[in-house]
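Colleague: Work out the full structure, taking the sequences as your base and the hints as a guide.
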Amino acid sequence: MKKPSRNTGSNMDYSQRLIESYAQCTWQADASGYFVKDCPEWRIFTGQSLAKWKGMGWIDAIPDEDKIAVESRWRNTIAAKQPFELQMKLYHKQSQTYRWFDLRAVPILDASGKLQGWSGMNIDIHDRKEVEVYLSDDRRKQQFLLRLTDALSREKSVMGIKLAACRKLAEHLQVIRVVIADRVRGEGGDRFQVSAQHAVKMPFTSEPLSAAHYLTGPT
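For the sequence shown, position 6 matches number 6 in the numbering used here, and the numbering has no gaps at all.
No lab work stands behind these hints, which were simulated from the structure alone.
Among these hints, one or two may not hold up.
Calculated cross-link-like contacts (lysine to any residue; reagent style SDA-like; alpha-carbon spacing at most 25 Å) [claimed, not checked]:
#1 K81 with T26
#2 K168 with T149
#3 K52 with L103
#4 K52 with P107
#5 K114 with E85
#6 K129 with F84
#7 K141 with S153
#8 K114 with G33
#9 K114 with S72
#10 K81 with R104
#11 K141 with A170
#12 K37 with L109
#13 K54 with L86
#14 K54 with D66
#15 K129 with S72
#16 K168 with R154
Being a predicted model, the structure only gives us computed values, none of them experimental.
Modeller: Here it is as structure tokens:
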């Protein structure tokens, strides 16, 4: 029986369809890293025109604080002729927010090893990043509760417990003032009876104080 020959073209078509089903868009750049071939899916996502997107214009769809780092990483990758992978945010025109993407690219080399261009794709990982942030926040909360429980267990008095709680909460939130107080209602308005406080450069007083005193400081 004759062994069937492989259809290279069909295999390449299948691979391309597989990549396109996995990525939100695929794109190409020249050897210098400039985007010269249109990628409508990317432009529709960011709302950029072809004129503003091509070349290195796609960088404008990245948050300002990330632009320098992303461009530097891309240019270093081009110089090294190495595969590129970077998680970054891209502007989403429809929601007017930034969404997380995983950008990947591989160099296209000729038989002599000369760089001919780049083939890349964008993968939407925003939902995954949101879960990662949530889990990270939850871990930090659990770690804080463990530290707080340990600190409170060392105290022998009610005042010691209150002061330790204020101190640990101030450290966790990175604030200069945390108080434990009871709300006192009066004719002149609600006031706070402070029983414990952790504060930087602010004296403690047992007299009832207005909310404004602790929001803006003493006048």
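Colleague: Please go over all the hints and tell whether each is borne out by the structure.
Modeller: Verification of the supplied hints:
no. : hint           : verdict
1   : K81 with T26   : holds, 19 Å
2   : K168 with T149 : holds, 10 Å
3   : K52 with L103  : holds, 19 Å
4   : K52 with P107  : holds, 24 Å
5   : K114 with E85  : holds, 21 Å
6   : K129 with F84  : holds, 20 Å
7   : K141 with S153 : holds, 18 Å
8   : K114 with G33  : holds, 14 Å
9   : K114 with S72  : holds, 22 Å
10  : K81 with R104  : holds, 13 Å
11  : K141 with A170 : holds, 14 Å
12  : K37 with L109  : holds, 18 Å
13  : K54 with L86   : holds, 19 Å
14  : K54 with D66   : holds, 19 Å
15  : K129 with S72  : holds, 23 Å
16  : K168 with R154 : holds, 13 Å
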